[in-house]
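Chemist: The chain contents come next:
There are 2 protein chains.
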Amino acid sequence: MNERHVIDHLDARQPEIVDWLKAFLRIPSVSADPSFAPHMHEARRFLLERLQRIGLSGVRLLDGGGEPAVYGEWNGAPGQPTLMVYGHYDVQPADPLDQWHTPPFEPTEVGGRLYGRGTSDVKGSTAIALEVIASFLAVQGRCPVNIKVFLEGEEETGSPSLRTIVERHRALLQADAVLSADGGRASADVPTINTGARGNAQLEVRLRTAHKDLHSGRYGGGVRNALHEMARLVASLHHPDGGVAVKGFHDGAASPTERQRADTAAFPYDEAAFFSDVGGSAHGEPGYTARERITLRPALDVNGLWGGYTGGGGKTIVPCEAQAKLTTRVVAGQDPRAVIHAVLHHLQRHCPPGCTLDVVAMNDGSPASTLAPHHPLVSAAEAVLERESGLRPIHVRLGASVPVTAIFKEMLGIDTLMFGFNLPDEDVHAPNEFFRLASIRQGTRAWTLLLAELAKHPPASFHVG
Amino acid sequence: MNERHVIDHLDARQPEIVDWLKAFLRIPSVSADPSFAPHMHEARRFLLERLQRIGLSGVRLLDGGGEPAVYGEWNGAPGQPTLMVYGHYDVQPADPLDQWHTPPFEPTEVGGRLYGRGTSDVKGSTAIALEVIASFLAVQGRCPVNIKVFLEGEEETGSPSLRTIVERHRALLQADAVLSADGGRASADVPTINTGARGNAQLEVRLRTAHKDLHSGRYGGGVRNALHEMARLVASLHHPDGGVAVKGFHDGAASPTERQRADTAAFPYDEAAFFSDVGGSAHGEPGYTARERITLRPALDVNGLWGGYTGGGGKTIVPCEAQAKLTTRVVAGQDPRAVIHAVLHHLQRHCPPGCTLDVVAMNDGSPASTLAPHHPLVSAAEAVLERESGLRPIHVRLGASVPVTAIFKEMLGIDTLMFGFNLPDEDVHAPNEFFRLASIRQGTRAWTLLLAELAKHPPASFHVG
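Line by line, the protein sequences give chains A and B.
Using the working numbering, the letters of the first sequence map in sequence onto residues 1 to 465.
Using the working numbering, the letters of the second sequence map in sequence onto residues 1 to 465.
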């Protein structure tokens, strides 16, 4: 088998691949907002057609009661490993719209970058994976391994029906491992292999101090103010140095191993640039480097907070209500459910008399995922990346969460290699998200080599714990 | 002179007065919303016509570049004091409309109450003042004192052009004192005299921790979060017991006098009911009763706060920006400008490294107003209210602010007696605002007696400092 022809085919098809990706990006498949439901439907039709056209069989939707996943398979390599290729077709909302320099759903090339919502997260890398399969089938009539494509529609909303989908289609989804287009590269300079990700969980609370907003002239100075109390609650979550002050928050968190700390130190990471690029400043748990804090340690962030009058001008009220959205990041060894409950208990314990704290939303979250250092997925990726770059790949962990990896591990017993080609500076979940056009060629080469490399490992070797 | 005939005339005219008030209330004179400008014009025409009909001279608009004031005078009592009668014809917006039980601009009588926007604040009390003048002129052909009616059109938007109006018409507006229809009664059970009001000032700030919102997976735990920092700033403004923790915030605040504390204690005030009516709980500066805190002591409230993602569901970001609106209430002896600057300096001093704090809006505010206990305005009001009720009136201070009183004091050197007849529970600035119909008769009697009583004081006696 010669992957050279597949790579040549992919290289020749680059303009066509970019065009297809742009068409995919023009579909505003925002899963969080119900008013975008027709576009979610449109995105599924678009993918079903593509999977059929590239020659997959069993192309269909897998429904779990929410946004269905798009599925297709190729089973022409008996005895070879079966890889589930994971991507997601939903994207984050584009708000705040006024901060985009180009229309979020009209992909725009500027200086080697493709701007648009979903370019980096994760339609770009999803396109890479699909087009590699397409070229294998077009050039060779076969893939090196068996393939099960699984494209989720709820990644950006926390995968609420993924468990149901897996439960309903457990037999169909049997595989030896998962290759994920989500979970990208850590550096443009050195090859990196994702050996895991933090998990997460979320909580939304409402604090009330009165039945209604009160006139600040008539009540100010004599009554509790919901914003003052919410501020005090939020301030109590962290120590001034940035460490989390919630009792039980760190329970179970595995201390970073020597190998992890060494890998982290080996990673070429310009801390000053990391912060100055975004205008931010280093802050967090004492005793850890910034890079360790954001990959190896748990974190707690308030993602949104509001209360009182937020319109133009002033309004002299004592607000009666304040609301906050919080998320945790958890690491290996932690139960995300226990961690988010620790946060809730902290808030309840610190809620002052005369105030009520209600849970608006809460989920059990998903745990961190971890790939053993000598797992065949890791070995294959190391071989490919070293061949492509001439450099020894560095093991890194993702600070972000890919809950599906934990769900696949728990329900199907299989591990995931995150092999996306996006880069950390591409403003995912923010205005002006972009994907480097060069990453498409790098990604299609690497995925081609990876599928071939994985065929060298016996199926049973992927099931290592 | 016998006020009996005037009161009889007013009593006989009650249905006619209510009808006129209703016509006034049907004009949606919302000053805050430019789309209501035609109705502001309509309200002025309506008032100009009324002032002319009741026999005032020099009826005209006084323009300061915003919504003009409506003016008219009666100068037929040479040697007697000249009183400026203040009211305002603008009202608050009626939003949220869906919470009204009756149409806000169709005044509706229900069980002795007149519901509608502006009933209590302050068209009801404005009508009382005008109708008393009308009856004096109708019955006696004269008033006991000289009158200058001044009806503002921008009270609900912070009186932006009032200073210009006064500046341009300084000679016209010379008077010995102001009688204000705004600033109401503190109790339905005992007669009260407003001897002053707290002043106020406002500030809006924006805190930034980065150039853009960051992915909480990629940055969470390693970077400052604007909402955490804003929460810490806001929490630092108050001690846990509710007292203000800002250095310099209390500077200049006159300690409550023995008389003030005795008056406050004498005021029949059911603290438990005050809080349970609104579902709130007592909280504030130690060493003071709730009533003292909201009338005699300065206060600092955050009126609105927001940052990050506030839509449906979750968004895993580290917010880069948080914004807050704050207002102070200041008491006698304080410079509101110094107080609001103390708040700003506190925020700046506590703003952590790597964060920027910008002032979005700030004003110099207006100081508290105070009437000396033996001021002729107070003596006259005491005489009237004691005669009417058989009870010794209690001196109270308003917790709310009436900036016009400070402006008249500063620019014209004259004091204001707030002699409105609304009551604290009438949901001003809120849905279902109402005014008690019985207050119209009580108010027209008291204003009649007050004008007669004021005539007993020589003009110079009103200028007591």
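A few of these clues could be false.
The list cannot tell twin chains apart, which means a pair is met if one copy fits it or any two copies do.
Said to hold, decoys possible - In silico DSS-like pairs for lysine-lysine, Cα to Cα no more than 30 angstroms straight-line: (1) Lys22 with Lys456; (2) Lys315 with Lys456; (3) Lys409 with Lys212; (4) Lys456 with Lys212; (5) Lys409 with Lys22; (6) Lys247 with Lys456; (7) Lys315 with Lys247; (8) Lys22 with Lys247; (9) Lys456 with Lys409; (10) Lys315 with Lys22.
Since the hints were made in silico from the structure, they are not lab data.
Chemist: Look at each hint and say if it fits the structure.
Modeler: Now for the hints, and whether the structure bears them out:
Proximity of Lys22 and Lys456 under a CA criterion of 30 angstroms is satisfied in neither setting, with 34 angstroms inside one chain copy and 86 angstroms between copies. For a Cα distance limit of 30 angstroms, the shortest separation of Lys315 from Lys456 qualifies neither inside one copy, at 69 angstroms, nor across copies, at 41 angstroms. Taking the shortest alpha-carbon separations for Lys409 and Lys212, neither the intra-copy value of 47 angstroms nor the inter-copy value of 34 angstroms comes in at or below 30 angstroms. When the C-alpha separation of Lys456 and Lys212 is checked against a cutoff of 30 angstroms, the pair qualifies neither within a copy, at 67 angstroms, nor between copies, at 45 angstroms.
Taking identical chains as interchangeable, the C-alpha atoms of Lys409 and Lys22 are never at most 30 angstroms apart, the minima being 33 angstroms within one chain and 67 angstroms between chains. For a Cα distance limit of 30 angstroms, the shortest separation of Lys247 from Lys456 qualifies neither inside one copy, at 47 angstroms, nor across copies, at 71 angstroms. Taking the closest pair of Cα atoms, Lys315 and Lys247 come within 30 angstroms of each other only across two copies (25 angstroms); inside a single copy the shortest separation is 37 angstroms, beyond that limit. With identical chains, the CA atoms of Lys22 and Lys247 are never at most 30 angstroms apart, being 47 angstroms at best within one copy and 57 angstroms at best between copies.
Proximity of Lys456 to Lys409 under the C-alpha cut-off of 30 angstroms is restricted to the intra-copy arrangement: shortest distance 22 angstroms within a copy versus 91 angstroms between copies. For the identical chains of this complex, Lys315 and Lys22 are inter-copy neighbours only, at 25 angstroms across copies versus 46 angstroms inside a copy, given an alpha-carbon limit of 30 angstroms.
The structure shown violates the earlier hints numbered 1, 2, 3, 4, 5, 6 and 8.
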